[in-house]
Amino acid sequence: MTADGARYQVLAPEMVRLELSLASRGARAVAFLVDVAIQIGLLIAAAIAVAFLLPAPGTGGWRVAAWLLVAFLLRTFYFIGFELRMSGRTPAKRMLGLRVVAADGGELDSGMVFARNLTRELEVFAPMLALLAPRVFVPGGKLWLWPVVALWAIVVAALPFLNRRRARLGDLAAGTVVVEEPRARLLPDLVASPLRPASASSAAEQAPPRFSQEQLEMYGIRELHVLEEVLRRHDLVPDQELLATVRRKIEVKIGWQKADQGTWSDIEFLRAFYAAQRGFLERRMVLGERRERKRG
Amino acid sequence: MSTDDVALRSARFRRERESQWLELESLIDRGGQRGVRALGPDDLYRLPALYRAALSSLSVARAISLDRNLLDYLESLATRAYVFVYGVRRSLGSALGDFLRNRFRTLVAAMKVWVAVAAAVFALGVACGWVLTLHDPARYDSFVSVEVAQGRTPLSTRNELRALLRGDGTVTVDDLGAFASFLFSHNARIGLLCFALGFAAGVPVLVLLFSNGASLGAMAAAHQMHGLTVEFWAWVLPHGVTELLALCLCGAAGLMVGRAMVAPGARRRLDAVAEAGRHAASVAVGCVAMFFAAALVEGFFRQLVTATSTRYAVAAASALLWGVYFIRGRVRSGATT
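Going down the list, the sequences are from chains A and B.
In this text, residue positions in the first sequence follow my numbering: the first is 1, and each later residue adds one.
In this text, residue positions in the second sequence follow my numbering: the first is 1001, and each later residue adds one.
No wet-lab data here; the hints were simulated from the structure.
Don't take each hint at face value.
What the hints assert, rightly or not - If the Cβ cut is set under 8 Å, some of the chain B residues that face chain A in the computed set are:
| # | residue |
| --- | --- |
| 1 | L1066 |
| 2 | D1067 |
| 3 | A1078 |
| 4 | R1278 |
To be verified - Simulated crosslink set (DMTMM-like; lysine to aspartate or glutamate; CA at most 25 Å straight-line):
| # | chain 1 | residue 1 | chain 2 | residue 2 |
| --- | --- | --- | --- | --- |
| 5 | A | K294 | A | E228 |
| 6 | A | K249 | A | E217 |
| 7 | B | K1112 | A | D109 |
| 8 | A | K294 | B | D1072 |
| 9 | A | K249 | A | E223 |
| 10 | A | K294 | A | E180 |
Every residue gets a Cβ at the ideal spot worked out from N, C-alpha and C, and that includes glycine.
All chains should be built: construct the whole structure from the sequences, respecting the hints.
Here's what the structure looks like:
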């Protein structure tokens, strides 16, 4: 789960609904800047290489030619080449864990990659060109070009905020979406994994606490997940106070009579309650009843 | 071991399937950034089954399990596997090669109406520029920008113009390289601009086509006033055939997108624009190749070969080449529809 939380649903060709996490706009902006920085680095390297390979004095024109060619090809094919070769990622996107996928759930084909990157001409480079060399657009170059370009820049920048897919112009043109690479670790099943014995005297011989149906009906799925979170976090960073607090709250809520049913440590109690509660709610869920929240 | 883990179906289900998920995960990790190509034959054999198993596990888990971590994990695994399997994995070289051989021609053939429109607008621009400049030479400056003119105006003398057309032999190969690259970048940028402007609903494309045509027409008129028409066209056409064709194709691509934006027909506007955008972008990439070829001719050939008849011969040859290339594409696309 991401902090941003914006999800995009896609129907995989196998007819399974997948939820992708949309990349944050900030991350995408940063990735773009990093890619530009990489390109600048490559251009500098190319200039050095060209100067090195063609050192003879009469080759000044060739050097410029070679470098201009590299610059243009780099600008046009950097993004396209990487997004094709690394299945929807550029070096910066890979660093930031972002990826381009097809919005309709199918394969990201080369036409899409071409389209989403060529429109960058319109989004970024054309306005820059219009500002720096307006005569290219309009013979004579007019002053009205500046506010038009400013307006265009605002529209282009605002576009990712105005639609649900956070699509920029290129994404709209190509039918793509930029998502975050999901990464989740599989932690042990709380129900199956055995407990470490709390102390030498208890645990080994005692049966786990049993809960009645009325007691298990007090809570819903959301509380179950909160309890799971507490237990998992305790596995990483033990926090006895939190366990004690949670246990007390549960005991009060379900009307648990402590007296003569044996003593269990907090963790044993909570584990047992979790297992019982989960089993109960899962059985209900299979029958079609999902109780999301607790009663009362 | 308590009896609970057997009683919970979700725990049993997980125990049965867990090894498969971990195997799939390690497979994806091994694929790394290169994707499926990095896998060996054994892995490739296992991948489809593991992928489908992961997706089905996700469906089952959603139905029977309330283990939040498990659900998150399976969502993540399924998504990663899906992206892994369906991510495109072509090298730029092979994609371009196949593209230039097949797709480019078919795509252009599919939009021949727009090509005709773009060519018509361009021709109209040429005619206007020509006629208006002949009537009133002062209009030249409004059609032709300073960089393109490079010192050629209706006020130039015949000899000045002639010298520029001929190339007086003082230009070195050295400078030509830089010149060619500049031309390539400049013209390709114009072409790509045409395509990109299509997304602004097409009208700017028409304007750009028209103004470039007018520029050419005005220059033709300026030369005609000195009786240099034949030499002028010999100077323009060798690279001009390729370059103007590419310009019209880019313009057509832009118009196609503009049309999808303005009149999407039965489909949703976004879908229509996306489809037209993909089609147009692929055409634009092919046009970049054409601009490159044109720049080579413009930068080198034109300065080194000054005989008028040779220039016309090259112009005719390039026209023939492109005609054959594209018409064979039309025949092919006609056969499949």
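For which of the previously enumerated hints does the structure constitute a violation, in increasing order of number? Checked against the structure, the only hint that fails is number 10, while the rest are satisfied.
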